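Student: Letter by letter, the chains look like this.
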Amino acid sequence: MSAKTLYDKLWESHLVQTDEDGTALIYIDRHLVHEVTSPQAFEGLRLAEREPWRIDANLATPDHNVPTTERTGGVDAIEDPISRTQVETLDANCLEFGITEFEMLDTRQGIVHVVGPEQGATLPGMTVVCGDSHTSTHGAMGALAFGIGTSEVEHVLATQCLIQKKSKAMQVRVEGKAGPGVTAKDIVLAIIGEIGTAGGTGYAIEFAGSAIEDLSIEGRLTLCNMAIEAGARAGFVAVDDKTIDYVRGRPYAPDSDQWERAVASWRTLHSDEGAEFHLVVTLDAVAIKPEVTWGTSPEMVVGIDDSVPNPADEPDSVKAEGMGRALDYMGLKAGTPMSDITLDKVFIGSCTNSRIEDLRAAAQIANGRQVAANIKLALVVPGSGLVKAQAEQEGLDRIFTNAGFEWREPGCSMCLAMNADRLSPGERCASTSNRNFEGRQGQGGRTHLVSPAMAAAAAVSGHFVDVATLIK
Amino acid sequence: MQKFEIFTGIVCPLDRSNVDTDAIIPKQFLKSIKRSGFGPNLFDEWRYLDQGEPGMDNSKRSVNSDFVLNDIRYKGAQILLTRMNFGCGSSREHAPWALEDYGFRVILAPSYADIFFNNCFKNGLLPIVLEEKTIDNLFRLASDDQALEMTVDLHKQALVIGDERIMFEVDPFRKHCLLNGLDDIGLTLQKVDAIKAYEKCRKDEAPWLFHGE
Ligand code: SF4
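Going down the list, the sequences are from chains A and B. According to the numbering used here, the first sequence is numbered sequentially starting from 1. According to the numbering used here, the second sequence is numbered sequentially starting from 1.
In short, the hints are calculated from the structure, not lab data. Accuracy of the hints is not assured; some may be wrong.
To be verified - Computed beta-carbon distance windows for the label pairs:
#	chain 1	residue 1	chain 2	residue 2	range
1	B	E169	A	A373	40 to 50 Å
2	B	T134	A	L15	30 to 40 Å
3	B	E205	A	D340	38 to 48 Å
4	A	A77	B	N58	23 to 33 Å
5	B	A194	A	G202	49 to 59 Å
6	A	R50	B	V170	49 to 59 Å
7	A	N310	B	N58	35 to 45 Å
8	B	D171	A	S265	43 to 53 Å
Please read all numbers here as calculations on a predicted model, not as lab measurements. A virtual CB, placed ideally from N, CA and C, is assigned to each residue, including glycine.
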């Protein structure tokens, strides 16, 4: 038998049928649902008088629109009427179809991509989909996970399958030991800087190498979260002991009578020795610095000790023009040292970086320091109610509030500014989210992507700074 | 879905690469729970000078006359010409809904983001991949004083400009679905037996995935 990649294994174990031209029907084990991309899909089901195929494969929670300020008033108290309608519509659809939903006031509510792994609802070897591009996150569990559009949400609800074509397999290897202050976020930003935001288009990316093995599961979730920013719908990491330890005991994990069998099957979830990839890219972890984006695309990224690049140095004219436009939008001059860039706001949260380890890393920097006077708002938004509770038990909330950060309720928040948390035109923000596109955090807002520790360091310094210099 | 028939339309040149779905339809418009009505807010932040919100009367807003969609030459355009990695970012299907609702039926670009590319076909939009050289050339033609008109013949996989023909590739299955206006769910539901057979095997092999039953 020929050597297989992890992607081959995940793909083949979910094939229902393949047509001559390679179009395949693949089976979906887990479907996560949130309020923004599902209403039209449920509507479609109703109009066609179709029933969901398998209710227990679905898990829903509202995240994009929920307020992150005090919300004990419940859904009725959501101020923005349109946000309220979406959350109400999700509640009503889940009720009508019998789908399990962690509603807004449930402690288990949170960002779908934080909730899935936290509950053990996304497991190794699964196919996981959600009407959200950052579904790639769940690949960290050794799963094939990818985002889908609303028509596909309806397709999965109705058939438990999707029509797909197999992607090409890419392996991104990061070898060596990452330096002080260099986190999963910095590694993935460096990868995107290297291969570009379209570098992974048409590929499924397996992340491997010693620096990836060294990452915790939460670090791998951050890494796979941003596979989509490299253009790949899916990114994943092979299963190892850390994966299995992480899953053990979670609410949706296999029961004790099935545990050993499950583990035995998960142990096969790695690329075989000698398996061939269409493309292999290798990075040296030692060369990766704490990273900061300077432009309006995640590939526009440099190390903290670097400066804003000059479009005049870019030989490709289309690219140079894009860089010029980005600098205009960002209000930056070529040659400015990254550490000279001052900020107005800081956002720690999003499905990329709102798990407990992220909050611990940020709290470590905030501890005993104060948010700088020029920072108008520094927000910490935990990824789920359970992360929030855990952080409060550890006293992280007090570290943050003592330092002058705001401590919020779980949700997507300022990652995409669909609720009330957003940037005003021209405001500059250090953000632990995943997209620095024009207007992403509010029209005219300027986003710099960084790790949680770097965001906390920027908050207490008022400008970007190498977090390694602040680690006690 | 409507059948995709041969048509002749105006080409609108949007000379930017990496146009993301946030730019195609800004997030504040995602709060609708409908599929239609997104066209007036297509490219909202580039098209208007003020900040757009759902429910606004767009006819009263100040338009950005520098933006190509507001150029009188391209009024009623059905073909969007653009640059690499079009449709990157969020998976929102609102992006193809907005393009389609505005009146676009075909997109021409050197490359697309995967999810967006897929979403197009499910909404009767045809994204065509052309070589960079061809795209450059079309940009030149489309930016003339006189708007460029082109016939799109999906059946023959050809774009026709005067006597010139540009051939394009399209996945045979996607082509079949577009030409016949077929809905994916209906097609998949013809395979109920295969899905049930797979599911039975899966239940035996990995029963922990079916805990809820
Ligand atoms: S946190 Fe941001 S990127 Fe993640 S699901 Fe929410 S909106 Fe999307």
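Student: If a hint holds in the structure, say so; if it does not, say that too.
Tutor: These are the hints, each one checked on the structure:
The hinted window of 40 to 50 Å between E169/B and A373/A is violated, with their beta carbons roughly 58 Å apart. Hint check: T134/B to L15/A, Cβ distance near 36 Å, so the stated range 30 to 40 Å holds. As the Cβ distance of E205/B to D340/A is approximately 58 Å, the hint placing it in 38 to 48 Å is violated. A beta carbon spacing of about 31 Å between A77/A and N58/B agrees with the range 23 to 33 Å that was offered as a hint.
Distance hint check for A194/B and G202/A: the Cβ-Cβ separation is about 27 Å, which falls outside the suggested range of 49 to 59 Å. Range check, R50/A to V170/B: Cβ separation about 28 Å, and the 49 to 59 Å hint is violated. Between N310/A and N58/B the beta carbons are some 39 Å apart, a value that agrees with the proposed interval 35 to 45 Å. The hint said 43 to 53 Å for the Cβ distance between D171/B and S265/A, and at roughly 33 Å that hint is violated.
Hint violations for this structure: numbers 1, 3, 5, 6, 8, all remaining hints satisfied.
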